[in-house]
Amino acid sequence: QKEVEQNSGPLSVPEGAIASLNCTYSDRGSQSFFWYRQYSGKSPELIMFIYSNGDKEDGRFTAQLNKASQYVSLLIRDSQPSDSATYLCAGNYGGSQGNLIFGKGTKLSVKP
Amino acid sequence: DGGITQSPKYLFRKEGQNVTLSCEQNLNHDAMYWYRQDPGQGLRLIYYSQIVNDFQKGDIAEGYSVSREKKESFPLTVTSAQKNPTAFYLCASSIVGGSGANVLTFGAGSRLTVL
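Residue numbers (the numbering used here), protein chains in the order written: chain A, 1 to 112; chain B, 1 to 115.
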């Protein structure tokens with residue numbers, strides 16, 4: 001069973017802090033991972049994707065991938081109340097088109 | 001502006017009725033997808049299509065049907081055979097192949113409620 005696991009939260013951090021969101025996956029065949037942000041009642045929007053071991057930075061966001069330990073994380077620096085949303089982690093298995101497996105999402109709340 | 005348009009935004013269905021959700025994109029993407037999202041759940045793939053006149057079942061295709069007669073359009077029909085259709089339906093698209101193959105652009109979604 002190919003799965004992507006996330007802690008559902010809610011994860012609460014104060015404004016200006018670093019928010020750390022984690023995701024584990026079950027299949028070593030996964031090649032790339034995606035982080036989507038979803039505001040309540042809205043559709044997901046891509047934050048970033050990563051397919052190489054290590055870190056990938058984009059503004060206040062850093063994605064980290066550790067294939068040996070089968071986990072992916074997303075760090076949000078200088079968290080803002082506007083970052084409050086559900087963050088979905090998704091993995092691509094085997095490189096086949098359309099085979100994204102989504103986690104259930106972690107709800108993040110940034111308190112002013 | 002390029003994007004994906006889903007309609008209707010809200011839809012109510014009586015039990016036993018078929019309903020069709022519309023999805024149109026002007027991003028010139030070859031691949032299109034339909035996902036279902038239930039409260040507190042991740043997205044689950046219903047159907048996807050990489051080329052006109054061809055589509056594949058996803059993880060939860062039972063009770064659904066699709067067509068891909070035009071590159072821009074990928075309508076989803078929720079049939080009466082779908083026993084629990086109340087959900088948030090998301091249409092997405094992407095290019096085919098390369099590093100962007102699974103970078104999905106989503107429409108605004110259609111919320112279906114069975115009365």
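Worth flagging that the hints you see were computed from the coordinates, not collected in a lab. Computed from a predicted model, the values in this text were never measured in an experiment. A couple of the hints might just be wrong.
List of simulated lysine-lysine pairs, BS3-like, C-alpha gap at most 25 angstroms [claimed, not checked]:
| hint | chain 1 | residue 1 | chain 2 | residue 2 |
| --- | --- | --- | --- | --- |
| 1 | B | K9 | A | K42 |
| 2 | A | K104 | B | K14 |
| 3 | A | K2 | B | K57 |
| 4 | A | K104 | B | K70 |
| 5 | B | K57 | A | K107 |
| 6 | A | K104 | B | K9 |
Which residues of chain A face chain B? A few of them, derived with a C-beta cut under 10 angstroms, are [to be verified]:
| hint | residue |
| --- | --- |
| 7 | V13 |
| 8 | G16 |
| 9 | F34 |
| 10 | S43 |
| 11 | F49 |
Think of the CB as a built atom: it goes at the ideal place given N, C-alpha and C, for glycine as much as any other residue.
Hints, one by one, checked against the model:
For the proposed pair B:K9 and A:K42, the alpha carbon gap of about 11 angstroms is at most 25 angstroms, so the pair holds. Note on A:K104 and B:K14: the hinted pairing is violated, with a Cα-Cα distance of about 29 angstroms set against a maximum of 25 angstroms. About 17 angstroms separates the Cα atoms of A:K2 and B:K57, which keeps this hinted pair within 25 angstroms; it holds. Between A:K104 and B:K70, the direct Cα distance comes to roughly 32 angstroms. Violation of the 25 angstroms bound is thereby established for this hinted pair.
Restraint check for B:K57 and A:K107: the C-alpha separation of about 30 angstroms exceeds 25 angstroms, so the hint is violated. About 23 angstroms separates the Cα atoms of A:K104 and B:K9, which keeps this hinted pair within 25 angstroms; it holds. Given the 10 angstroms rule on beta carbons, the hint for A:V13 is violated: about 21 angstroms separates it from the nearest Cβ of chain B. Interface restraint check for A:G16: the shortest CB-CB distance to chain B comes to about 29 angstroms, outside 10 angstroms, so the restraint is violated.
Here the hint on A:F34 is kept, as its CB sits about 7 angstroms from the closest CB of chain B, short of 10 angstroms. The interface hint given for A:S43 is met, as the beta carbon of that residue sits about 4 angstroms from the closest beta carbon of chain B, less than 10 angstroms. At about 6 angstroms, the closest approach between the beta carbon of A:F49 and any beta carbon in chain B falls short of 10 angstroms, and the interface hint on this residue holds.
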